[in-house]
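Engineer: Listed here are the chains, written in short residue letters.
Number of protein chains: 2
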Amino acid sequence: MFENAARTELSTLGEFGLIDHLTKNFELKNNTIKGIGDDAAVIKSTENKVTLVSTDWLLEGVHFDLSYFPIKHLGYKAITVNLSDIYAMNAKPKQVTVSIGSSNRFSLEALEELYSGIQLACDRYGVDLVGGDTSSSKQGLVISVTVIGEADESKVVYRNGAKPLDLLVVSGDLGAAYCGFQLLEREKRVFLANPQAQPDLAGHDYIIERQLKPEARKDIIDLLEALEIKPTSMMDISDGLSSECFHLAKQSNVGITIYEEKVPIDPTTYNFARELELDPILTALSGGEDYELLMTISQSDYKKIENHPDFSIIGFVTPPEDGMNMISKGGQKHTLKAQGWTAF
Amino acid sequence: MFENAARTELSTLGEFGLIDHLTKNFELKNNTIKGIGDDAAVIKSTENKVTLVSTDWLLEGVHFDLSYFPIKHLGYKAITVNLSDIYAMNAKPKQVTVSIGSSNRFSLEALEELYSGIQLACDRYGVDLVGGDTSSSKQGLVISVTVIGEADESKVVYRNGAKPLDLLVVSGDLGAAYCGFQLLEREKRVFLANPQAQPDLAGHDYIIERQLKPEARKDIIDLLEALEIKPTSMMDISDGLSSECFHLAKQSNVGITIYEEKVPIDPTTYNFARELELDPILTALSGGEDYELLMTISQSDYKKIENHPDFSIIGFVTPPEDGMNMISKGGQKHTLKAQGWTAF
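Sequence lines, in order, name chains L and V.
Numbers in our numbering are just positions in the first sequence, counted from 1, shifted up by 620.
Numbers in our numbering are just positions in the second sequence, counted from 1, shifted up by 620.
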């Protein structure tokens, strides 16, 4: 039908360009406060409260490789990476729905393992599994998760509130999940070349766990509350620090300057990146899947997080005309690119 | 990992047995009123209001065949069949999220068509598209939809409220979508055998439209409100009247008796079933995808819907020990089976 019509390849638009393009004519008519374009949609539920909704999925062959991804961990990760989107709005997740498409390649025992990981995550984060179903799939394993959260309307933090001079802050450390992925891919290649070889994972527990069993930073949201900090903008880091900075900057209409030496990288990550002959900063800028929180906070909150072990101040917000920059360890200013791999 | 462990084939449990089995140890801890097991999850949002959430997806090769399914219609149907789950709770859908997985087999123009169908449905039913994204897929087109709705808590109708002597009522007519599916499959086979053949769809508009462009019965929910009827139980008919009756009966702990002659079947459906040498009642009992509403109402509401063109009273609720029965046109009592095809 449409095969004969004009054909534009999807690759000509990036993922975000594509969804923006496809939904540009949609209008919001109901009690929707925020639609597409943030970590979660925000819906007014009462005078002061909002409901938040975020949905995402994991497709076999695109988002995970079961040859080294334990299926219980996959269930756990499917939940935590979705909860992360609600925390990134400074809100609390309460319910999840999980739909599974699976071919008969999977046994009941395999799906039980998957659900035991889902249950572990639900228990750990205090969310209810409230819906979803199972379906056959001709296409490997497909997992779709929707998270519902709640918050006081006044507490929700969007991507668009960053102001010049705000501090750019990140929780935890970056680049580990990407290094874990590279390690697992390397050991898979070794195994395929020589099925007798044992995987060499010794000493790499941290980066493997960051890839296979990421946590959502509920603790950071609780901590922000305890410290009485409301970030001016926030999002989670799923695609790499660099591309997330571009999202924040675009939505807030600001520029951002990062200091390379301030970007938190665990020693294990650093050493493994070196082993791969990668510049460690690139694993943080472009690696992705860290599920840490990137936020901007007002200068007036500086004292509250100065030297706090869970936060790193990595840069600051600038007027938009200053653009996107990184100051290297040597003190030189580089233009930051959304995909950092080719930027240096 | 799990390949060497005990292996139970998924086919040993039906779809509903499977999801029940996998989630049987999950507990509800938050403001969740109803979790898995109804058309939608129900979450308390305020003193008197609830938020409803339902999620479902369409997988290419399992739920649709693009060789005859126009992609714009597919977008429309992906929305309406999900809205149907919220109406089936006697609630109003307000927001949807849509996630698309697509391979590079699809052009931008094809996805634009898909979204134009999504937009048409959103406009028609007054819902906001508030989230979702696009992802690559190695597995054909995958569409995941989540619907968020709202209702007064006191108005929500579950599957578990049917009482003996209640009337069993269905909206519209049944079996047409299944006949439309059979017709399209037949013409596809003809086309594959002889690509010069033109599809013979004349006179079959109704059954084709019921398959390719199903509507959700918003009008019935409005009508119930106008008539001041709150059904004692309700669900939508996605899998066929017979299997849905089993769901209602199981959840309400009742029996159900249907009168064959009362089951509404459009003349077009009837004639096409005859052409296929199928008993027309089977298209209604087991065909599925009609997205009509099946409900039970109190005898005291009988006068309000007697002779109403949008409703058919097709049977009544019995004590559970009476079981599941259909009284044939000849007056004989048959045991109803969840899958009616082999039952007669």
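Hints listed in this document are in silico derivations from the structure and should not be mistaken for laboratory results.
The structure displayed is predicted, hence computed values, not measured ones.
Don't take every hint at face value.
No copy labels: a pair is met if it fits in one copy or bridges any two.
To be verified - The list that follows gives simulated cross-link-like pairs (lysine-lysine, BS3-like), each with its CA atoms no further than 27 Å apart:
1) K838 to K783
2) K924 to K882
3) K783 to K664
4) K838 to K649
5) K870 to K664
6) K664 to K808
7) K838 to K882
8) K664 to K775
9) K923 to K644
10) K664 to K957
11) K644 to K833
12) K644 to K712
13) K833 to K649
14) K808 to K953
15) K775 to K669
16) K870 to K882
Engineer: May I ask which of the numbered hints given earlier this structure violates, with the numbers listed in increasing order?
Structural biologist: The structure breaks hints 6, 9, 10, 14; every other hint is satisfied.
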